[in-house]
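J.: Each chain, letter by letter, is given below.
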Amino acid sequence: MEKERQLLIVYPHPDDESFSVAGVAAMQADMGVPVTYACLTLGEMGRNLGNPPFATRESLPHIRKKELIAACEAIGIQDLRMMGLRDKTVEFEDDEKMIAMMRQLIDELNPSLVVTFLPNYCVHPDHEATARAVKEAVRRTPKPQRPTLYGVGFANNTVEEMGEPDVIIDISAYREHKYNALKAHASQTGWMLQELENREDSHGETTEDAWFSTEKFYTITFDDE
Amino acid sequence: MEIVKIDALQKELNAFAGKEVFIHLETTNGSYAAHYDTNFFNAGAFIRNVKLVYEHAKVIEDTPNRVGLKLPHGWVYAQGITHYEVDVEGRLLMAGLDHSGKLAVALQISETPFSY
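Heads up: the sequence lines are chains A and B, in that order.
Here the first sequence is numbered in this note's numbering, starting from -17 and rising by one per residue.
Here the second sequence is numbered in this note's numbering, starting from 32 and rising by one per residue.
Check before you lean on any hint, since a few could be wrong.
Straight-line alpha carbon distances no greater than 25 Å define the calculated SDA-like cross-link-like pairs of lysine to any residue that follow [unchecked claim]:
# : chain 1 : residue 1 : chain 2 : residue 2
1 : B       : K133      : A       : I150
2 : B       : K133      : A       : E207
3 : B       : K133      : A       : A168
4 : A       : K47       : B       : V119
If you're looking for bench data, these hints aren't it; they were derived computationally from the structure.
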């Protein structure tokens, strides 16, 4: 993967970045590229509180904020922006306000690459609302400055309807960064990483491939390109 | 949070009766329910910081518990409550956690507004 001028990542929940783009972000940061992550919410409505519980509805955002900061440190993201929206309400925000928020980030940072979700193929309503706003903000960026836009799609019908992702990036050198980032989001990923470790014991290869060797993106293009 | 003790929770509920309070009420299956099971009909509801006064409250002994608030002109109730605590800010936080520790329902009562 070539060195970017500036990478901008936009996702709604703490941990979206670690699942989707931790390897690529670590790689770019390692090359000396400024990396900004705009995280729209603090995952306030996360369901996993544990049983016996380790958190309440009201303490969860404080925990997830700390995890988010730790994950960004693990990846090497220097510029973390917490945008102050509430989990599961993003799609109900005013559309133009959302687009303006993204436009402002693009204007300020002048990124060469923006990474978010793939509209219509990202399952969670917050993901869809984020991806829609980012896509429209990039579309409205005049062409010489318009950044490349990558979307992560994981709906069940993604490959069937969109084909395989056109961008596949080898992140195996940054496996540890990604693992540590996911691990930092312990309130969300604790059970999953445990499962992963168990699975790796018997047939590690498949799990390795899926999670830690590549990151896959769809290039989002516009009619005037 | 700890597992509901009927008498202790009833006492906490009584303490807010007749006062102007802010309510958080939520039911959820999670936003991925229909992703993992395409036959799943995903429904839920969420209100936060609605101000009201309740006349009395009752927690029903069952597994899981139910909690109802009687209002001058209506009702609030939550089904599936398993855990509760009074947090450091004096707010009564009740939640229903499923067997894997995932929140399915929450009912919270506070004399001051919850954060955004």
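J.: So, for every hint listed, does it hold in this structure?
T.: Hint check results:
For the hint linking K133 (chain B) to I150 (chain A), the alpha-carbon distance of about 34 Å lies beyond 25 Å, and the restraint is violated. For a cut-off of 25 Å, the pair hint linking K133 (chain B) to E207 (chain A) is broken: about 45 Å separates their Cα positions. Of the supplied pair hints, the one linking K133 (chain B) and A168 (chain A) holds, its CA atoms being roughly 14 Å apart against a limit of 25 Å. Pair hint K47 (chain A) plus V119 (chain B) holds up; C-alpha atoms about 19 Å apart against a cutoff of 25 Å.
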